[in-house]
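Engineer: Given the sequences, and given the hints that come with them, work out the whole structure.
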Amino acid sequence: MSEHPIKVVVGKPGLDGHDRGAKVVARALVEAGMEVVYLGLRQTPESIVAAALEEDADVIGLSVLSGAHMTHFTRVRALMEENGLGDRLLTGGGIIPTKDQETLSKLGVGKLFGPGDDPNAIVGYIHEWMATHPRGDV
Amino acid sequence: MSTDSVGIHTDSVPGVGPQPALSAELWQAFLAGDRRVCARLISKVENDPRSVPAIRERFAGRLGQAIRIGVTGPPGVGKSTLCSVIALGLAERQHRVGVIAVDPSSPFTGGAFMGDRVRMERFVGDDRIFMRSLASREGRGGLSPATPYVADVIEAFGMDRILIETVGVGQAELDVLNCADLVVLVLQPSTGDAIQSLKAGIMEAADLIVVNKSDLPGADTVLQSLRFVYSLGGAKARKAPPLLATSAQQTEGLDELVDTIERLATSLVESGRHRELRQARLVDEIRRGIQQELWERFLSQTEAESAIQKVAADLAESGGMAYDFVRAACSQVELRVREKRD
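Protein chains in written order, with the working numbering: chain D, 1 to 138; chain W, 1001 to 1342.
Since the hints were made in silico from the structure, they are not lab data. These figures come from a predicted structure and were not determined experimentally. Do not take every clue at face value.
Unchecked claim - One side only, chain W facing chain D, incomplete, derived with CB under 10 Å:
(1) Asp-1034
(2) Arg-1035
(3) Ala-1039
(4) Ser-1043
(5) Asp-1048
(6) Val-1052
(7) Glu-1057
(8) Asp-1103
(9) Gly-1111
(10) Val-1124
(11) Arg-1137
(12) Val-1229
Said to hold, decoys possible - Away from chain W, derived, C-beta distances all over 10 Å, residues of chain D:
(13) Gly-14
(14) Leu-15
(15) Ala-26
(16) Ala-32
(17) Glu-35
(18) Tyr-38
(19) Thr-74
(20) Arg-75
(21) Glu-81
(22) Asn-83
(23) Ile-95
(24) Ile-96
(25) Gly-114
(26) Ala-121
(27) His-127
As the list claims (entries may be wrong) - Computed Cβ-Cβ distance ranges for the label pairs, DEER-style:
(28) D:Arg-20 / W:Gln-1028: 42 to 50 Å
(29) D:Gln-101 / W:Ser-1106: 49 to 57 Å
(30) D:Arg-20 / W:Gly-1289: 25 to 33 Å
Glycine included, C-beta positions come from ideal geometry on N, C-alpha and C.
Structural biologist: This is the structure:
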C-alpha cells in the first residue's frame, strides 16, 4: 500500500443541496487517515476534475442525490480520461439504482454506495482499490 | 528504466538509495505548462523528501523572482476567502498566481479535512492561477514541512506571486516567516482587547494587518487597540505595518488590500530586501544541508546508531549526562578524517 496518505477530492456536482452524506463520508475518510479536499456544493464536472488534477488526487468521490447521477458520473469519468486522470478511482454515492450502477461500472466508474452503507465499507473499498492499482512510485 | 504514470524515473541508484530524476519529456511538459505534471511534482516533493534535491536542481535559474506572500491568522477569520480575493486581484494585475493552502493534519489519525477550495472555487479553470491544498502533516508551526519546496515547484512553473495560507494559528506559529517574503495577518472583530495586541509573536511578524469582517460590531475597537500598540514603538520595534479593514462579504476594502500588497511587494524588491531575504534563506538551507549531510556520513561511517541506543540506556539508568559521549563521538570522527588525509 502507498506510504503517503491517500488523497481524495470530494464534491457534489449539480443542483443538489444535501451535503450531510458527503460530510459524513469525508469525515470517515479523514478518520481513516486520508487527506480529503472538500469542494462543497454546486460543483460542475469540469470544476471537480480541474481540482482533482491540481491536487493530484488518488480518488474522486461524488455525492449525487438529485437523480442526475448518470449525467454527472459519465461526464466526470470522460473528463478524467481527457485530462490524463484515467488511472485514478472515481467512486461515490447517493440514491443510485443498481441497474444504473451496473451501467456506470461498464464506463469505468468504481463501486457506488447508498443509504445504510457503513462509511467504513467505503474506506475499505478505497484501500483495497489503491492496493491493487499502484500509481507508480510515490 | 521504470517510470510512473507521468514519466518520473523510479529506478534507485545503487548505494545511495532511491534518487528519482526527472525525465526530459517530463521536464519539457512542465516547462510547457502541463498542470498535471506540476501537480505530480508537488506530490513528489510532498511525499518523498529524497526526491527533493534532484527536482530542485532542475529549477536552477528559475527561482528567486516570485514574491511569496504568507497569509496567517486565527481559524475562521476569513483567510481563505481573502486569499481568493487577493489571488484574483493579482491575476487581474497581470500576475500569475500560485496559492498554497495548508490545513491541519490530525495528530491522531494522520488524516486531514481540507476545505479551502470551498472558498476558492472561483479559480477553477483560470489558467492564471494554480491552487494546491496541503495537509500540515508533521508541521507544528502552521505549515507543512514541504511548503517551501512546493512553492519552489509553483514558482518554477511560472507563477510570480505565491500566496501561502497557513492553518488557523494562535500566537506563535511562525513557520510562515521562514518561507514568506511578506506576511499578512488577518484578524476579525472580537478577537481580544489591547492586551492580546501587546503580546509577542505573530503580531510582531506582520507586514500588513487586515481586520476582516469589518461589517461586524467591534471592528473599530480592534483597529484602535492595534493603532495604540504600534504607536508605542520602541527601540527594536519595526515600523508599524499598514492596517486595513475589509469585509469580504460586503466587498469593502478589497481593492485597497490588493493594491497595498502590490505596493509592499514593489518596495520589497526596490529596497533590496527581497534579495536579502532570499540570501538569508539560502544561508539557512546551506547550514541545515551540511548538518544533515554530516549526520548521514557520521551514521554511515560509525556504529553510531547502536552506540547511541546503548549509551542512552546506560544514562537513563545512571542518571548521567550525555555531553561526554557527544564530545567523544565527535573527536572520533575528527580522528578518522585526519587519518584519511594523512
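Engineer: Take the hints in turn and mark each one as holding or not.
Structural biologist: Each hint tested on the structure:
1. Asp-1034: holds, 9 Å
2. Arg-1035: holds, 6 Å
3. Ala-1039: holds, 4 Å
4. Ser-1043: Result: holds, 4 Å to nearest chain D Cβ.
5. Asp-1048: holds, 6 Å
6. Val-1052: violated, 13 Å
7. Glu-1057: Not OK, violated: Glu-1057 (chain W) not within 10 Å of chain D, min 19 Å.
8. Asp-1103: Holds, about 9 Å.
9. Gly-1111: holds, 4 Å
10. Val-1124: Given a least distance of 4 Å, the restraint on Val-1124 (chain W) holds.
11. Arg-1137: holds, 8 Å
12. Val-1229: Because about 37 Å separates Val-1229 (chain W) from the closest Cβ in chain D, which is outside the 10 Å limit, the hint is violated.
13. Gly-14: holds, 14 Å
14. Leu-15: Per Cβ check, Leu-15 (chain D) is outside 10 Å of chain W; nearest 15 Å; holds.
15. Ala-26: Non-interface label fails for Ala-26 (chain D): nearest chain W Cβ at 6 Å, not farther than 10 Å.
16. Ala-32: violated, 6 Å
17. Glu-35: With a cut-off of 10 Å, Glu-35 (chain D) comes too close to chain W, as the shortest Cβ separation is near 5 Å.
18. Tyr-38: Contrary to the label, Tyr-38 (chain D) does not stay out of reach of chain W, its closest Cβ about 5 Å off (not over 10 Å).
19. Thr-74: Check passes; 20 Å lies beyond 10 Å.
20. Arg-75: The assertion about Arg-75 (chain D) holds, with a minimum of 15 Å to chain W.
21. Glu-81: At roughly 13 Å from the nearest Cβ of chain W, Glu-81 (chain D) sits farther out than 10 Å, so the non-interface label holds.
22. Asn-83: violated, 7 Å
23. Ile-95: holds, 24 Å
24. Ile-96: Its Cβ never comes within 10 Å of chain W, the nearest being 24 Å, so this holds.
25. Gly-114: Consistent with the label, Gly-114 (chain D) stays out of reach of chain W, its closest Cβ about 23 Å off (over 10 Å).
26. Ala-121: Ala-121 (chain D) is indeed farther than 10 Å from all Cβ atoms of chain W, at 17 Å.
27. His-127: His-127 (chain D) is indeed farther than 10 Å from all Cβ atoms of chain W, at 13 Å.
28. D:Arg-20 / W:Gln-1028: 42 to 50 Å: Given a distance of about 46 Å, which is inside 42 to 50 Å, the answer is holds.
29. D:Gln-101 / W:Ser-1106: 49 to 57 Å: Check failed, 32 Å falls outside 49 to 57 Å.
30. D:Arg-20 / W:Gly-1289: 25 to 33 Å: Hint violated: Cβ distance 49 Å, outside 25 to 33 Å.
Hints 6, 7, 12, 15, 16, 17, 18, 22, 29 and 30 from the earlier list are contradicted by this structure; the remaining hints agree with it.
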